[in-house]
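Residue numbers (the working numbering), protein chains in the order written: chain Y, 41 to 159; chain A, 13 to 296.
In case anyone wonders, no lab produced these hints; they're calculated from the structure.
From a predicted model like this one, the values you see are computed outputs, not experimental measurements.
Among the hints, a few may not be true.
[What the hints assert, rightly or not] Between beta-carbon pairs, the in silico distance windows are:
#1 157(Y) - 255(A): 27 to 37 angstroms
#2 147(A) - 94(Y): 54 to 64 angstroms
#3 258(A) - 94(Y): 47 to 57 angstroms
#4 82(A) - 94(Y): 17 to 27 angstroms
#5 265(A) - 148(Y): 26 to 36 angstroms
#6 58(Y) - 56(A): 51 to 61 angstroms
#7 75(A) - 94(Y): 37 to 47 angstroms
#8 294(A) - 110(Y): 29 to 39 angstroms
#9 82(A) - 148(Y): 47 to 57 angstroms
#10 22(A) - 119(Y): 20 to 30 angstroms
#11 294(A) - 61(Y): 27 to 37 angstroms
[As the list claims (entries may be wrong)] With the C-beta cut set under 8 angstroms, the calculated list includes, among others, these residues of chain A facing chain Y:
#12 264
#13 275
#14 278
#15 282
Glycine included, every Cβ here is placed at the ideal spot set by N, Cα and C.
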Amino acid sequence: MGLIELDKIEPGMVLAKPVYSHLGALLLKEGKKLTERELLILESWKIKEIDVEGVESSESKDKAVSDQLEKEELDKIEAEIETKFSSIPKDNSLMMEIKKIVKAIKVESLLEEKKHGNG
Amino acid sequence: MGMDKDTLWYKIKKMNSLSTLPEIYDRVSDMINDPKTSAANLASVISRDETLVAKLLRVANSPFYKASPEKVTSITFAVALLGFNATKNLVLSVSIFDLFHTFEESLKLTVRGFWKHSITCAVASKIIAQNIRYKNPEEMFVSGLLHDIGKIVEIQYMPEDFKKIINVINSKEISMKDAEEEVLKYSHTDVGKMLGVHWNLSPRIIDCVRLHHIPDKAIDSLMEVSIVHTANVLSHSLELDYKVPILNEKAWETLNLKIDMLEPMLKQLKKESIEAVAVLFPKK
């Protein structure tokens with residue numbers, strides 16, 4: 041099973057996990073075989089990706105690519121943030137919290153960029 | 013020795029483009045002070061400027077501004093929805109960029125960076141204001157947008173001094189404010205205050221411009237200055253080019269925000285500041 045994007049879905053595939061709308065309503069049950077009708081439902085609810093049986097996840101492929109570059113890029117983000125916060129005393133807990141959050145946001149947006157770049 | 017304060021004050025008053033805010037802003041301000049003005053009156057004055065109407069509607073409907081869940085299709089609707097003061101602030105927010113234009117080629121990137129930071133700080137000010145349920149988040153948007161306005165005056169009217177300041181920052185690794193004191197004996201917060209006084213902006217906005225680096229000094233506008241000070245720190249922390257200034261404890265305490273709020277606010281800021289730059293200061 042694996043998470044795949046909507047444009048790679050074909051009729052006949054089987055859902056490995058249930059699909060919910062953005063508001064949390066159950067749209068399709070686990071084990072449901074996908075026909076044109078189900079594809080239409082997914083499309084109209086603007087679902088971007090679903091989990092299906094027996095397919096290699098497009099996300100895990102992306103992850104393999106990102107793992108190769110990750111170390112170098114994480115180091116770069118780390119260095120940038122260290123420079124930015126270099127004049128801040130380490131015992132300033134409020135600023136250290138901001139630093140931690142900013143780092144997480146940078147990492148997240150880099151992964152996002154990459155996902156789009158490969159997709 | 014850089015340009016002295018008196019010469020700069022004389023220059024600011026003499027410059028046509030800076031001598032008043034755009035005419036329409038002055039008109040809107042006057043009308044708002046007149047109790048007989050109706051929303052329809054105000055809308056009809058604004059509607060005479062087609063470019064302004066297009067800009068206002070674009071911003072009112074943009075995701076970061078979120079004026080209404082429904083699409084805002086007319087200025088009359090916008091005025092009724094936003095109220096007079098928010099409309100006035102919005103007029104200022106979309107017109108300010110046109111006041112500054114004759115720049116040297118070598119400073120173009122600096123100018124773009126300047127506006128990006130100003131817009132980010134405006135969005136951050138608005139986000140903080142909304143989170144603490146401050147009564148007038150639109151005015152905080154304007155205060156954030158204008159907090160560094162003195163810098164753009166320096167870039168436009170004293171580019172040689174500005175370049176000297178940048179050299180001092182780079183060679184001595186000191187803050188912009190310290191480098192300005194060295195070259196000019198005053199800083200962008202003083203220049204910004206001059207312009208704010210000349211433009212007849214509200215005392216709260218002028219305090220935000222003047223005191224955003226030293227919020228402890230604020231008396232009447234402690235809340236407003238604390239919002240812009242904190243917004244400035246959060247904005248710098250997300251940008252790449254400058255060192256992050258330290259968040260003043262008194263400012264943070266004044267806001268009375270929980271530390272858990274930082275993460276959602278920073279995430280919202282990251283997203284909405286990109287949208288706001290795209291709407292307010294699109295690449296030409």
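Outcome of the hint check:
Taken as a hint, the range 27 to 37 angstroms holds for the pair residue 157(Y) and residue 255(A), whose Cβ atoms sit roughly 30 angstroms apart. Remark: the range hint 54 to 64 angstroms for residue 147(A) to residue 94(Y) is upheld by a beta-carbon distance near 58 angstroms. Range check, residue 258(A) to residue 94(Y): about 55 angstroms between beta-carbon atoms, so the 47 to 57 angstroms window is met. For residue 82(A) paired with residue 94(Y), a C-beta distance near 45 angstroms fails the hint of 17 to 27 angstroms.
The given range of 26 to 36 angstroms is respected by residue 265(A) and residue 148(Y), whose C-beta atoms sit roughly 30 angstroms from each other. Range check, residue 58(Y) to residue 56(A): about 55 angstroms between beta-carbon atoms, so the 51 to 61 angstroms window is met. At about 39 angstroms, the beta-carbon gap between residue 75(A) and residue 94(Y) stays in the expected band of 37 to 47 angstroms. A hinted range of 29 to 39 angstroms for the beta carbons of residue 294(A) and residue 110(Y) is consistent with their spacing of about 34 angstroms.
Between residue 82(A) and residue 148(Y) the Cβ separation comes to about 32 angstroms, which falls outside the hinted range of 47 to 57 angstroms. A hinted range of 20 to 30 angstroms is violated for the C-beta pair residue 22(A) and residue 119(Y), which are about 46 angstroms apart. In this structure the hint that residue 294(A) and residue 61(Y) lie 27 to 37 angstroms apart at CB holds, the actual value being about 34 angstroms. Given the 8 angstroms rule on beta carbons, the hint for residue 264(A) holds: about 6 angstroms separates it from the nearest Cβ of chain Y.
A hinted interface residue such as residue 275(A) counts as satisfied when its beta carbon comes closer than 8 angstroms to some beta carbon of chain Y; here the least separation is about 5 angstroms, so the hint holds. Interface hint at residue 278(A): satisfied, since its Cβ lies 5 angstroms from the closest Cβ of chain Y, which is below the 8 angstroms cut-off. Look at residue 282(A): its Cβ gets to within about 6 angstroms of chain Y, closer than 8 angstroms, so that hint holds up.
Of the numbered hints listed earlier, those contradicted by the structure are 4, 9, 10.
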